[in-house]
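Produce the entire structure from the sequences given, and follow the hints as far as they go.
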Amino acid sequence: MCWMPISQHTGAPGSFQMPDDFGMTCPICGSDSWSIVAQTSDFGLSQCINKCIIRTLPMPLYEPETDNTGNSETVTVMENVYSDPADGHFRLARELLCLAGRFKPGGRLLDIGCGMGLLKLAQEIGYDITGIDPTNSSTKYAQQIFGLNPLIGFFPDERLGLETFDIITMNHVLEHLPDPNFVLNAAIHLLKDSGVLAIASPDYNGLMRRLRRTKWEGIRPCEHVWQLTSNSIANLLLKNGLEIAAKKNTTLQYNTSVGSLFRRLALKTAIGVAGPLNLGDNAIVIAQKSSSKRRPAA
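Numbers in our numbering are just positions in the sequence shown, counted from 1, shifted up by 7.
Be aware that a few hints might be false.
What the hints assert, rightly or not - Quick list of simulated restraints, FRET-style, between CB atoms:
1) Q150 <-> G30: 22 to 28 Å
2) A45 <-> S201: 35 to 41 Å
3) I56 <-> G248: 20 to 26 Å
4) L68 <-> E170: 28 to 34 Å
5) G248 <-> C105: 24 to 30 Å
To be verified - In the BS3-like style, the derived pairs of lysine-lysine whose C-alpha atoms are separated by at most 30 Å in a straight line are:
6) K58 <-> K222
7) K254 <-> K199
8) K58 <-> K254
9) K255 <-> K58
10) K255 <-> K222
11) K246 <-> K58
12) K222 <-> K199
13) K199 <-> K255
Because the hints were derived from the structure by calculation, they are not lab data. Here a beta-carbon is modelled for each residue, glycine too, at the ideal position from N, C-alpha and C.
Written as structure tokens, this is what we have:
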């Protein structure tokens, strides 16, 4: 996701203290009780008391402006997606589309937060594409380099209509949203009956996070409101009335020292505490809108 984050943490680096009042309800079970699962000098992680989901403290905030032309990271990611098939972002976008394509191999596709470069791949596969993203940097790059014409703006957007899409993708978007249920509900109303919602996100339960702990690059505490897993994504989708069609873990390969990680893995295995391993650091979840259960209008 390419929205420009501004952290709520205004103290000096290393001065973060966990608040007494977490001030948010769980988007899955509705509980307002949280327990601390990790804390560093710069950020903390708290888990719903029912272990539904993990949130980041302080909660990242996002600029309301859409003219973030200086977001060079987004442009770099998009360049890599199309210039290097071995790039992790390319593989993730391709795997997301391939898995979703098992259920909707064609039709109209909407990519929400299209700064991760999935839109062009979808067009090449044969989808009739639409994208929406709040930043000018990614949309201008898509226009100038690839001839695409994504919408600039925040989702939901009245220009998109209702029940008009066969498939909606959210690649590294859901973890950024303070109110994921609001966005998911809006997306579902844009899906046709039996339409597919395909989501990819860093997986907090993955092997790399377990080895790297709070140093795992996928946490991104200044950007990610939620630390998601395949189960928490699936439960959010179920809560919003969708049916889970498929789940998969894959590897984005965040920059890290693989050798040192596997030395630690060998040690954990040797002392018998490794347990079942989720080798992927990213989760893909595919859900489908039931044609027999039409949702009421918003």
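Hint by hint, here is what the structure shows:
1. Q150 <-> G30: 22 to 28 Å: 40 Å, violated
2. A45 <-> S201: 35 to 41 Å: 40 Å, holds
3. I56 <-> G248: 20 to 26 Å: 25 Å, holds
4. L68 <-> E170: 28 to 34 Å: 32 Å, holds
5. G248 <-> C105: 24 to 30 Å: With Cβ atoms ~25 Å apart, the hint holds.
6. K58 <-> K222: 22 Å, holds
7. K254 <-> K199: It holds: about 21 Å lies between the C-alpha atoms, which stays within 30 Å.
8. K58 <-> K254: Measuring from Cα to Cα gives roughly 20 Å; hence the hint holds.
9. K255 <-> K58: 21 Å, holds
10. K255 <-> K222: OK: K255 and K222 at ~24 Å, within 30 Å.
11. K246 <-> K58: 15 Å, holds
12. K222 <-> K199: 41 Å, violated
13. K199 <-> K255: 24 Å, holds
Figure legend: structure checked against the earlier numbered hints; hints not met, in rising order: 1, 12.
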